[in-house]
Amino acid sequence: DAMVIQNPRYQVTQFGKPVTLSCSQTLNHNVMYWYQQKSSQAPKLLFHYYDKDFNNEADTPDNFQSRRPNTSFCFLDIRSPGLGDAAMYLCATKRTGTDTQYFGPGTRLTVL
Amino acid sequence: GQNIDQPTEMTATEGAIVQINCTYQTSGFNGLFWYQQHAGEAPTFLSYNVLDGLEEKGRFSSFLSRSKGYSYLLLKELQMKDSASYLCAVKGGGATNKLIFGTGTLLAVQP
Numbered sequence: 123d124a125m126v127i128q129n130p131r132y133q134v135t136q137f138g139k140p141v142t143l144s145c146s147q148t149l150n151h152n153v154m155y156w157y158q159q160k161s162s163q164a165p166k167l168l169f170h171y172y173d174k175d176f177n178n179e180a181d182t183p184d185n186f187q188s189r190r191p192n193t194s195f196c197f198l199d200i201r202s203p204g205l206g207d208a209a210m211y212l213c214a215t216k217r218t219g220t221d222t223q224y225f226g227p228g229t230r231l232t233v234l
Numbered sequence: 003g004q005n006i007d008q009p010t011e012m013t014a015t016e017g018a019i020v021q022i023n024c025t026y027q028t029s030g031f032n033g034l035f036w037y038q039q040h041a042g043e044a045p046t047f048l049s050y051n052v053l054d055g056l057e058e059k060g061r062f063s064s065f066l067s068r069s070k071g072y073s074y075l076l077l078k079e080l081q082m083k084d085s086a087s088y089l090c091a092v093k094g095g096g097a098t099n100k101l102i103f104g105t106g107t108l109l110a111v112q113p
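Listed in order, the protein sequences are those of chains U and L.
Just so you know, we're using the numbering used here here: the first sequence kicks off at 123 and counts up by one.
Just so you know, we're using the numbering used here here: the second sequence kicks off at 3 and counts up by one.
Keep in mind that the hints were calculated from the coordinates and are not lab data.
C-beta: ideal position from N, C-alpha, C; glycine also.
It cannot be assumed that every hint is accurate.
What the hints assert, rightly or not - With a cut-off of at most 20 Å between alpha-carbon atoms, the simulated PhoX-like pairs for lysine-lysine come out as follows: (1) L:K100 to L:K78; (2) U:K160 to L:K100; (3) U:K166 to L:K78; (4) U:K174 to L:K100; (5) L:K83 to L:K59.
Unchecked claim - These stretches of chain L come out as covered by chain U in the derived footprint (C-beta under 8 Å, 3 or more residues): (6) 42–49; (7) 100–107.
Said to hold, decoys possible - If you want the ones that stay clear, here's a sample from chain L, every Cβ over 10 Å from chain U, calculated: (8) M12; (9) T15; (10) I19; (11) Q21; (12) D54; (13) S67; (14) Y74; (15) L76; (16) E79; (17) Q81; (18) K83; (19) A86; (20) K93.
In isolation and in its complexed conformation, chain U is listed as follows (with noise of 0.2 Å):
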């Protein structure tokens, strides 16, 4: 089936320590988007890319990077997580025409 996947579904990480997630799409989806949602919160849009466009919130916060080396991958980059960013972070993908966004399962994200 097609689908979007994020990998790993459970992060721990250390203050300060560098973490990569990850999320693929088979739904041949043009544009990627990547949300952070904490808990009891709606999800926050970071970034998106149109194509290869990278499109960053004005309000994300540089700490956040993040790379799309081909259609169907994606990755978010946390340079220095901090407490803070311990979150639960969703990968979503649409194709342009389209109205309906597909999320992932999540990335659920702790920093000890």
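Start from chain U and add chain L according to the hints.
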């Protein structure tokens, strides 16, 4: 500014009907989504309204009034598995379809 309001929590009884309301004030509007999110899982798509009126899909229906900045999600014949958070999200303008999410309504279905 961007503002989406939903009740924080609701409780309903198995087999009953529940209506979850959402009001929004956004700088652009190109449609409204409802997503279901079980604890610890990703949001899953439920419905999309871009024109005024009611969209029915099985036990779930969604209504939109653009002039009032208002939507609701109606769940019929509630089942225990419907216990989840329900997120209202407004699609902004532009080609990238940015979604602005509300904080969600946590629905508890009781026997």
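The hints, checked one at a time:
no.: 1; hint: L:K100 to L:K78; verdict: violated (30 Å)
no.: 2; hint: U:K160 to L:K100; verdict: holds (19 Å)
no.: 3; hint: U:K166 to L:K78; verdict: violated (30 Å)
no.: 4; hint: U:K174 to L:K100; verdict: holds (17 Å)
no.: 5; hint: L:K83 to L:K59; verdict: holds (17 Å)
no.: 6; hint: 42–49; verdict: holds (count 6)
no.: 7; hint: 100–107; verdict: holds (count 6)
no.: 8; hint: M12; verdict: holds (15 Å)
no.: 9; hint: T15; verdict: holds (24 Å)
no.: 10; hint: I19; verdict: holds (26 Å)
no.: 11; hint: Q21; verdict: holds (20 Å)
no.: 12; hint: D54; verdict: holds (17 Å)
no.: 13; hint: S67; verdict: holds (19 Å)
no.: 14; hint: Y74; verdict: holds (18 Å)
no.: 15; hint: L76; verdict: holds (20 Å)
no.: 16; hint: E79; verdict: holds (25 Å)
no.: 17; hint: Q81; verdict: holds (22 Å)
no.: 18; hint: K83; verdict: holds (18 Å)
no.: 19; hint: A86; verdict: holds (13 Å)
no.: 20; hint: K93; verdict: violated (7 Å)
In terms of the numbered hints stated before, the structure departs from hints 1, 3, 20, listed from lowest to highest.
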